[in-house]
Amino acid sequence: MSKLWVFVAMGLVTYATRVTMIALLGRELPPLVQRWLRYVPAAVLAALIAPAALMPDGRLQWGAQVPAAAVGVLVAWRTRNVLATIVAGMAAFWLLRALGL
Amino acid sequence: MSAFRRGLLATLPLAPGVIAFGLLYGVMARQLGFAPWEAVAMSVVVHAGSAQFVALEMWNTASAGPIILTTLVVNLRHLLLGASIAPYLRGLPARWKAWLALWMSDESYALAIAAYEAGQGSAGFFLGANLGIGLLWWISGGAGAWLGAAVPDPAAYGLDLVFPLAFIGLLISFLKDRAHVAVAVLAGILALVGIQVLPGKWYVIVAGLAASAAGLLLEKAAPS
Numbered sequence: 001m002s003k004l005w006v007f008v009a010m011g012l013v014t015y016a017t018r019v020t021m022i023a024l025l026g027r028e029l030p031p032l033v034q035r036w037l038r039y040v041p042a043a044v045l046a047a048l049i050a051p052a053a054l055m056p057d058g059r060l061q062w063g064a065q066v067p068a069a070a071v072g073v074l075v076a077w078r079t080r081n082v083l084a085t086i087v088a089g090m091a092a093f094w095l096l097r098a099l100g101l
Numbered sequence: 102m103s104a105f106r107r108g109l110l111a112t113l114p115l116a117p118g119v120i121a122f123g124l125l126y127g128v129m130a131r132q133l134g135f136a137p138w139e140a141v142a143m144s145v146v147v148h149a150g151s152a153q154f155v156a157l158e159m160w161n162t163a164s165a166g167p168i169i170l171t172t173l174v175v176n177l178r179h180l181l182l183g184a185s186i187a188p189y190l191r192g193l194p195a196r197w198k199a200w201l202a203l204w205m206s207d208e209s210y211a212l213a214i215a216a217y218e219a220g221q222g223s224a225g226f227f228l229g230a231n232l233g234i235g236l237l238w239w240i241s242g243g244a245g246a247w248l249g250a251a252v253p254d255p256a257a258y259g260l261d262l263v264f265p266l267a268f269i270g271l272l273i274s275f276l277k278d279r280a281h282v283a284v285a286v287l288a289g290i291l292a293l294v295g296i297q298v299l300p301g302k303w304y305v306i307v308a309g310l311a312a313s314a315a316g317l318l319l320e321k322a323a324p325s
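Residue numbers (the numbering used here), protein chains in the order written: chain A, 1 to 101; chain B, 102 to 325.
A hint or two may mislead.
Residues from chain A shown here face chain B by an in silico Cβ test under 7 Å; the list is partial [as the list claims (entries may be wrong)]:
{"hint": "1", "residue": "Thr14"}
{"hint": "2", "residue": "Ile22"}
{"hint": "3", "residue": "Ile49"}
{"hint": "4", "residue": "Gln65"}
{"hint": "5", "residue": "Gly72"}
Rough simulated footprint, nothing fancy, chain A against chain B, three-plus residues with beta-carbon under 8 Å [what the hints assert, rightly or not]:
{"hint": "6", "region": "140-153"}
{"hint": "7", "region": "177-189"}
{"hint": "8", "region": "283-296"}
Rather than coming from a laboratory, the hints here were simulated on the basis of the structure.
None of the values given here were measured: they were computed from a predicted structure.
Virtual Cβ for every residue (Gly too), placed ideally from N, Cα, C.
Start from the sequences and build out the full structure, keeping to the hints where you can.
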């Protein structure tokens, strides 16, 4: 696929989310919509994480990536730091693979 | 010191985090066959770190439709950011508002709204913060893509795992109470089912929208 027009389309939908409420002079969103929007990021991220960690080849499988992801969850919870999460998770993954898991 | 320069300098404490994430984004983009200029173009045009990581993760397995729609869903939270900062921008000309919205990031929004609430905010400060975060993000992404060629065979190192780990790190900051945790667990389960019955990457959108809507019911059932 041609990358540039995908970037432009991604940019346009992203810009729409940023400019809409600013252009509307700070009018309030309906409370129900506000509450719903608060849940969207957690839902989307979890929907990306679960298959990537548990079904890397399209089916459920136990591999080094599962405990590595668990280490990531623990470090993310304790540190709230994205980079620390990645470093700890990858270190756990490499260690487990070196141990033959 | 001008407000613009104060906004620009206010981003410096955030620089290490933005640069490290930008380098990682660039390396991963390069692994997927992006030229450095393409990685930078995506950063300048889209300018949304989480959404760009999500798009990279989907790039080789999804078509353009789900990538664009998922970008929209991931960025819907900007409606809340925009709504909360809009009252401070009320008196500005329309083109200033359009310009300030363009590169508003989570980080520059946080700096700007903190400045406004302390009575020190201004359009110039906001623009400086937007551009400060922007420059850090664009340049570090390009540098990462340029350096990314030095990583020979990413699959051998299991670098695919960087994506879910990055998403785990991002997810934690959105888990504000038990209802959010329940929504995340539900979305994960729906995604595991959806990946087997839905084509391409549509399971991300379906699970994301269904689980977030379920959150409205969950918070009624168990107020936390």
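Q | Hints violated by the structure (listed by number, smallest first) | A | Result: no hint breaks.
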